[in-house]
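Listed here are the chains, written in short residue letters.
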Amino acid sequence: NAGVTQTPKFRVLKTGQSMTLLCAQDMNHEYMYWYRQDPGMGLRLIHYSVGEGTTAKGEVPDGYNVSRLKKQNFLLGLESAAPSQTSVYFCASSYSSRGYADTQYFGPGTRLTVL
Amino acid sequence: AQSVAQPEDQVNVAEGNPLTVKCTYSVSGNPYLFWYVQYPNRGLQFLLKYITGDNLVKGSYGFEAEFNKSQTSFHLKKPSALVSDSALYFCAVRDPPGNTPLVFGKGTRLSVIA
Chain A
1 NAGVTQTPKF
11 RVLKTGQSMT
21 LLCAQDMNHE
31 YMYWYRQDPG
41 MGLRLIHYSV
51 GEGTTAKGEV
61 PDGYNVSRLK
71 KQNFLLGLES
81 AAPSQTSVYF
91 CASSYSSRGY
101 ADTQYFGPGT
111 RLTVL
Chain B
1 AQSVAQPEDQ
11 VNVAEGNPLT
21 VKCTYSVSGN
31 PYLFWYVQYP
41 NRGLQFLLKY
51 ITGDNLVKGS
61 YGFEAEFNKS
71 QTSFHLKKPS
81 ALVSDSALYF
91 CAVRDPPGNT
101 PLVFGKGTRL
111 SVIA
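The listed protein sequences correspond, in order, to chains A and B.
Under this note's numbering, the first residue of the first sequence carries the number 1, and numbering increases by one thereafter.
Under this note's numbering, the first residue of the second sequence carries the number 1, and numbering increases by one thereafter.
In short, the hints are calculated from the structure, not lab data.
Owing to the predicted nature of the structure, the values given are computational and were not obtained by experimental measurement.
All C-beta atoms, glycine included, are put in the ideal place defined by N, C-alpha and C.
Be aware that a few hints might be false.
[What the hints assert, rightly or not] For the chain A half of the interface with chain B, some residues (derived, Cβ under 7 Å), not all of them:
id	residue
1	39
2	42
3	45
The shape of chain A in the complex, shown without the other chains (with noise of 0.2 Å):
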């Protein structure tokens, strides 16, 4: 049981280009979320996801895409990087939070630079 994983671990990308960021769980969760961490600022959300099919926006989903095709895979794509994108991102998962005070597990984390 991996839990949450995340591909790449460490990124480096050049001003305008693109990237997707993969996050996988292997415990059949319904919901995932995806967070940046920055110093000082605590963890935002991004996107996140109720279920196969389905997103929604978080706190700070500009410039950011996400995807849901299969339960188990949440992708995070930036289109156009931008030096504002440089942090470390966070894929989490939980079981349901409708109304459940489910805990979110998370991955180790996607440490981006963008020049």
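Since the structure of chain A is already known, use the hints to place chain B on it.
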């Protein structure tokens, strides 16, 4: 809208002394409250949560937290700090019963000095 505040960016404590990491929240209803810990270059790990019931919640690694509704606080505590407790601690809140994701505080860095 729900929100959470961690008023201290940094907490320093001597090994063996009790520690407290503070958290206050704002929600419209009865909150679900969480504490997570992040060690260097790692993801967040769940420590404990409050749903309902006993105001004192016990969690992993000897940590506990006290829910205080009148003060809208959920402070994290440990009776005797270890150097290995040095990490970044996050408080989070959810305002049920909606489908809202967790809202995290900005984090408090705990340093335990030997």
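Hint check, failures only: 1
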